[in-house]
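J.: Sequence:
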Amino acid sequence: MKTLRITLLSLCEIIFFAVLSGQQKTCNNNFIKKNVKFAAAQESRQVKQIEKSGRFVNPRTFENGKIKYVSYKDWTAGFFPGSMWYLYELTAKKKWKNLAMRYTQQLDSTKYRTNTHDLGFILECSYGNGYRLTRDSTYKNVIIRAAQSLKTRFRPAAGIIQSWDLNPGWQSQRGWECPVIIDNMMNLEMLFNATRLSGDSSYYKIAVSHADKTMQNHYRPDYSCYHVVDYSLKDGSVRSRQTGQGYAHESSWARGQAWGIYGFTVCYRETHNPKYLLQAQKAFDFVIHAKNFPSDYVPYWDFDAPKIPNEPRDASAAAVMASALYELSTYENSKFYKSWADKIMISLGSPAYRAKLSENGNFILMHSVGSIPHGVEIDVPLNYADYYFLEALKHKKELESHK
151 MKTLRITLLS LCEIIFFAVL SGQQKTCNNN FIKKNVKFAA AQESRQVKQI
201 EKSGRFVNPR TFENGKIKYV SYKDWTAGFF PGSMWYLYEL TAKKKWKNLA
251 MRYTQQLDST KYRTNTHDLG FILECSYGNG YRLTRDSTYK NVIIRAAQSL
301 KTRFRPAAGI IQSWDLNPGW QSQRGWECPV IIDNMMNLEM LFNATRLSGD
351 SSYYKIAVSH ADKTMQNHYR PDYSCYHVVD YSLKDGSVRS RQTGQGYAHE
401 SSWARGQAWG IYGFTVCYRE THNPKYLLQA QKAFDFVIHA KNFPSDYVPY
451 WDFDAPKIPN EPRDASAAAV MASALYELST YENSKFYKSW ADKIMISLGS
501 PAYRAKLSEN GNFILMHSVG SIPHGVEIDV PLNYADYYFL EALKHKKELE
551 SHK
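If you number the sequence shown the way our numbering does, the last residue is 553 and the count never jumps.
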């Protein structure tokens, strides 16, 4: 009789957890559908304004009641076309594919630029997604040509890709010689992609060299990262470690921390070298154990900003991290990293961070930060926050479908 009771109890537990699992899956699917539907509706309004202008104007942010549009030269120029590709992938509606193709084409001449490290941001997000979804050889050729351009910025003595040129501007006033920013980790994906598409291993080797030097020189013992490391062009030694967009040289800028988590996750995907997986994991461990990491999982713009909790949040950093964590969950500790990504996404999809329809300049997310030290884009929507939010939704949808 006792054995029967235990068997019945075990059966009840199995049924209970099966029902709970089904409810969670339904909840997850509803979350995805709800947010995809909203994003499509909001972006449709954004597109309507662009199409009304009769030309492609690239929306970057919404400040002081006006949408700020940027040219193909802006480092954020690839995110809006990239969002169109993700909406096509998430909805399967040809409308989004047509828009993605047209807006992506506007960036074609960027492949020749050698005066910026942002080619990965601009062209991998647009042409890279385009090639992934269409296998159009035109997109393939742009990626390879852009990788050739980015390759010119590799500095052999230091083993890194130089980020900023020291032309007149605030960068030229810092005394830097060869500045490298943590953001540059996000441009490596295009180099890995170029080796796969062309068979030329030099792109792969440059990406690995840059990742190794970043791992060696950008990170503190607690796995927080510096924003800027300046190298000597003569012997490759480190001249200084500073910040450009964070609160202070020794503070931890939230979006920079997110760029690193994402970038090293990509490096592990492309190389299968466990040191990159560990680096991404340790960088995220810093985030969740940081004393100022808020309970809604959307970080303040800098983990060491002096007026926390009265400091702006950065939804863009949260979206980047969520996307990276979904991918991390496919490699190791799947439940742990997916649960963290889900927590972040639930916050971003809530009224606290997701805009109301037709408001917020027709951007999806509110409350991001560009650069507080420069007094620009403070507590505003940003096109890259929307892009990585959509990318995270794509990852989540794929993970839920495989349960």
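Wrong hints could be hidden among the right ones.
[Stated by the list, open to error] Each pair of labels, with its calculated beta carbon distance range:
1. 307 x 480: 35 to 45 Å
2. 459 x 215: 37 to 47 Å
3. 307 x 459: 27 to 37 Å
[Stated by the list, open to error] Here are the simulated lysine-lysine pairs, DSS-like style, with alpha carbons at most 25 Å apart:
4. 245 x 301
5. 183 x 216
6. 198 x 247
7. 187 x 223
8. 223 x 261
9. 247 x 218
10. 384 x 485
11. 290 x 261
12. 187 x 247
13. 183 x 506
Treat the hints as calculated values from the structure; they're not laboratory data.
Everything numeric in this text was worked out from a predicted model, so none of it was measured.
Ideal Cβ placement from N, Cα and C applies to all residues, glycine included.
J.: For each hint, tell me whether it holds in the structure or not.
T.: Verification of the hints:
1. A hinted range of 35 to 45 Å holds for the C-beta pair residue 307 and residue 480, which are about 37 Å apart.
2. Distance hint check for residue 459 and residue 215: the Cβ-Cβ separation is about 27 Å, which falls outside the suggested range of 37 to 47 Å.
3. Separated by about 44 Å at the C-beta atoms, residue 307 and residue 459 break the suggested range of 27 to 37 Å.
4. Pair hint residue 245 plus residue 301 does not hold up; C-alpha atoms about 35 Å apart against a cutoff of 25 Å.
5. At most 25 Å may separate the alpha-carbon atoms for a hinted pair to count; residue 183 and residue 216 exceed this at roughly 29 Å.
6. With a C-alpha separation of about 15 Å, the suggested pairing of residue 198 with residue 247 holds against the 25 Å cut-off.
7. A threshold of 25 Å between alpha carbons decides the hint, and for residue 187 with residue 223 the separation of about 31 Å lies outside it, so the pair is violated.
8. Pair hint residue 223 plus residue 261 holds up; C-alpha atoms about 11 Å apart against a cutoff of 25 Å.
9. With a C-alpha separation of about 24 Å, the suggested pair residue 247 and residue 218 falls inside the 25 Å cut-off, and the hint holds.
10. Under the criterion of a C-alpha separation no larger than 25 Å, the hint pairing residue 384 with residue 485 is inconsistent with the structure, at around 47 Å.
11. With a C-alpha separation of about 11 Å, the suggested pair residue 290 and residue 261 falls inside the 25 Å cut-off, and the hint holds.
12. The suggested pairing of residue 187 with residue 247 holds, with an alpha-carbon distance near 16 Å, which does not exceed 25 Å.
13. The straight-line distance between the Cα atoms of residue 183 and residue 506 is roughly 16 Å, inside the 25 Å bound, and the hint therefore holds.
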